[in-house]
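Asks: Protein chains in written order, with the UniProt record's numbering: chain A, 1 to 531; chain B, 1 to 369.
Since the hints were made in silico from the structure, they are not lab data.
Keep in mind the model is a prediction, meaning the values are calculated, not measured.
Treat the hints with care, as some may be off.
[Said to hold, decoys possible] Reference listing, derived: stretches of chain A covered by chain B, where coverage requires no fewer than 3 residues with Cβ under 8 Å from a Cβ of chain B: (1) 182 to 191; (2) 363 to 376.
[What the hints assert, rightly or not] Capping the alpha-carbon separation at 20 Å, the derived lysine to any residue pairs in SDA-like fashion look like this: (3) A/LYS367 with B/ARG217; (4) B/LYS240 with A/LYS281; (5) A/LYS367 with B/LEU212; (6) A/LYS281 with A/ARG328; (7) B/LYS240 with A/ALA307; (8) B/LYS319 with A/ARG328; (9) A/LYS367 with B/GLY219; (10) B/LYS189 with B/LEU59; (11) A/LYS367 with B/TRP210; (12) B/LYS240 with A/ARG328.
We put the CB at the ideal spot given by N, CA and C, even for glycine.
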Amino acid sequence: MAVELRGITKRFPGVVANHDIDIVVHSGTVHALVGENGAGKSTLMKILYGMQKPDEGTIAVDGEQVSFGHPGDAIARGIGMVHQHFMLADNLTVLENIVLGSEKLHGIGGRARAKITEISDAYGLGVRPDVLVEDLGVADRQRVEILKVLYRGARILILDEPTAVLVPQEVEALFENLRGLKSQGLTVLFISHKLGEVLSVADEITVIRRGTTVGSADPRSTTAKQLAELMVGSELPSPETRESTVTDEPMLTVTGLRLVAVDPEGTERAVLDDIGFTIHKGEVLGIAGVEGNGQAELVEAIMGIRALDGGSLQLDGRDITDTPTRRRREDGIGYVPEDRHRHGLLLEAPLWENRILGHVTEQPNSKGFLIDTAAARRDTERIVREYDVRTPGIEVTAASLSGGNQQKLIVGREMSHLPKLLIAAHPTRGVDVGAQAQIWDQIREARREGLAVLLISADLDELIGLSDTLRVMYRGRLVADADPSTITPEQLGSAMTGAASGHLEQQAGNGTPTGDGAQPRIGEQAGGEDR
Amino acid sequence: MKKFDKDRVVLGIAAPVLAVVGALIVTALVLLATGKEPFHAFDVMVNYGDKTDSQVYILNKATTYYLAGLAVAIGFRMNLFNIGVDGQYQLGAFFAAVVGGAISIPGVVEVPVIILTSMAVGAIWAAIAGVLKVTRGVSEVISTIMLNSIAGIVIGYFLQGGRLGVLDKDANMVSTKPIPVSSHLFSFKTATDPVFGFIVFAVLAGVIYWFLLSRTRFGFDLRTVGRSESAAQASGVSVKRMMITSMLISGAMAGLVGMPTLLNQSYDYGNDFPTGIGFTGIAVALLGRNNPVGIAVGALLWAFLERASAGLEFEGYDKEIVGVIQGVIVLAVVIAYELVRRYGLTRQQRQVGAELAAAGTDDKQEVAA
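Using the sequences provided together with the hints, build the complete structure.
Replies: Put into structure tokens, the structure is as follows:
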């Protein structure tokens, strides 16, 4: 037995994050921990990795009871963690990143290099020690993170949502690596909420719901549906939206949009190149793409946060290319930002001030040049009521709400100003299932009333389910389009890696193979490959 | 409908009280270490600071400190560290004194002209730092420190006999031409020295500061930038323009700092014109938590401590001990605010949690990730 958790309970002020968790992980297995967002998976892993101390319960590693004060204790016991957000220094080489902080193990020179190569070969990681991390793609960086953990002598690896940043093909490669680790006798604890992946790679599955273990499942005899029901405790909500409300009146027209960035060496690089699309009233346009391919910049360009280097924007028949952000918002662009903490909220301000944010010039927040605090407060009360924001009052700070409730407040705020165009970037990321269904409902409802929506999401099911039209973004270009009623997540994923372009269609006869490089290659591929 | 939240008021007051108490304890230890009896010293300070002439002195000093505190606080609200209040008020007061001495028109016109001159000069001086920050990314901390030095040099250059200064050979003093008596600002007579009439303007400045920041759209935008630049930008505030605007306002407010002295006391700008008040303003703004009433309390406390140092000297204590108190207060304030802020945040999260737990018995309880 590699790890045994018994009766783990962790309370945060007012909230029980984990209670009575029991998990047994056997050595040499891939053990999946599944649960929806906010079920308490991350807290549990932080406990196992020594970042948090449990209030109750025991942890045993290799049959020996342990108590971790900080991650160092866990590492000494052979536990390593690969975080969801990579912790690598971009301007250092792979070798430097790996030895950083563990210089005493094998030095920083030849011995370290030999050790890295040895580990890399043993597990088939294919890591090149002298490449700069900034030149690596997401999947390669992840392998560096894994190697980093192995280098420190880990026999038990915790991977926190490792597939969140990968496209399907990269996921398959990662799983190959995990199987390799397993065959060498290592233990992998794999956290995810993507059931298909879990079923394909795990030997054992533990399901967490509302902070406690609700059961375990054998992947050989369990279907994704059964697992989902165990995870959610009820029927999964679906983003499906099939009755079309698309009109032929354009709401947002983007033509020839171009945005360049100058990197430190002084060379110009197009972040967005020749982007053109039209969103009609009542239409949801979904943009698929691996994060970092220009989606964030596209949103900023449409919001007026970044000035264009070329092209034009038209909103409801009027040119807004040079209109400042505030005017655009007044003219009816609603914005649900990707990073709500950075762009959507004032964390240390009370809820009612957050209700004013972004709409300070609009009713009911202000009269003339003065803020109408009374009306803003009243309207915040209304949003809290109508959008089911769980809070003791409107004077608490936004930081004290949970992510889902913060998001409900933002959606409520944006919808309250009856936008013509809603820009929704990852609208349900980090949101619990109840709030997710609610947000989908609101988008659908507004769409029926003629709202145009630009939807950007990493959740392919959400994209396919909500969108009327799909576009794929790759390296700053819209490389492919697809019909959401026929496309599969695998096809979409393939296009996201740049492997396919043009109009994506279900291929006649045999299904589209995935994972072996035999992707449909339609049209020509733009953009220089460099790896 | 709302809003007198007792807990919040208690939390708000807790930090400065904690800071002052902490500072007194440290000071007592310092006094003990130097072999002096601390409680007697505190007694001397309170008694001396309580006399009528002391009270007038404290009020007059506090007027100046209050304005300096406000000027700094405007920057703080924006997350801008305007260290340049010192140079801004000196340069403003200097040119205001030059203008005041050069013209001779009825006081009702001349006084506003002097005040506006000082505000305009202060604003321009501050705007240089703002423009540099926005266009070239120069940290306002660095540029305002530099501008302080430059302001001193500029004044030194002009404040010479034959240029804009008048040399008084007997006293070996250079000063600008005095402002005509008709343009001396009114004052309030007391049994001892008069209280500066400029205190009225200071109170007014405090009211405007409060109104502008908490009641207007502009103030909301300004505070938004201070809390989160990225959110402000996404919400439609032009962050760059806001930086320049707030530096202008901060500088204009700094322009007022020298006015109580110029219009109520010295009537000219000589080489004995008070310096360093801009730095006092930073301490006062910190102490007052950028709140207009808090800054007033901070300014009064600062002025009181300064006055009390004179009393200590008579009793054979080192007057530098007051400097220690002031320094420790500033440090303690920063620490105490952070402690209270964290406590307040946890307390609020607990409240939210409790609320959810109460409402969430119907299996909808939310669980932290």
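Asks: When the hints from earlier in the document are held up against this structure, which numbers fail?
Replies: 1, 4, 8
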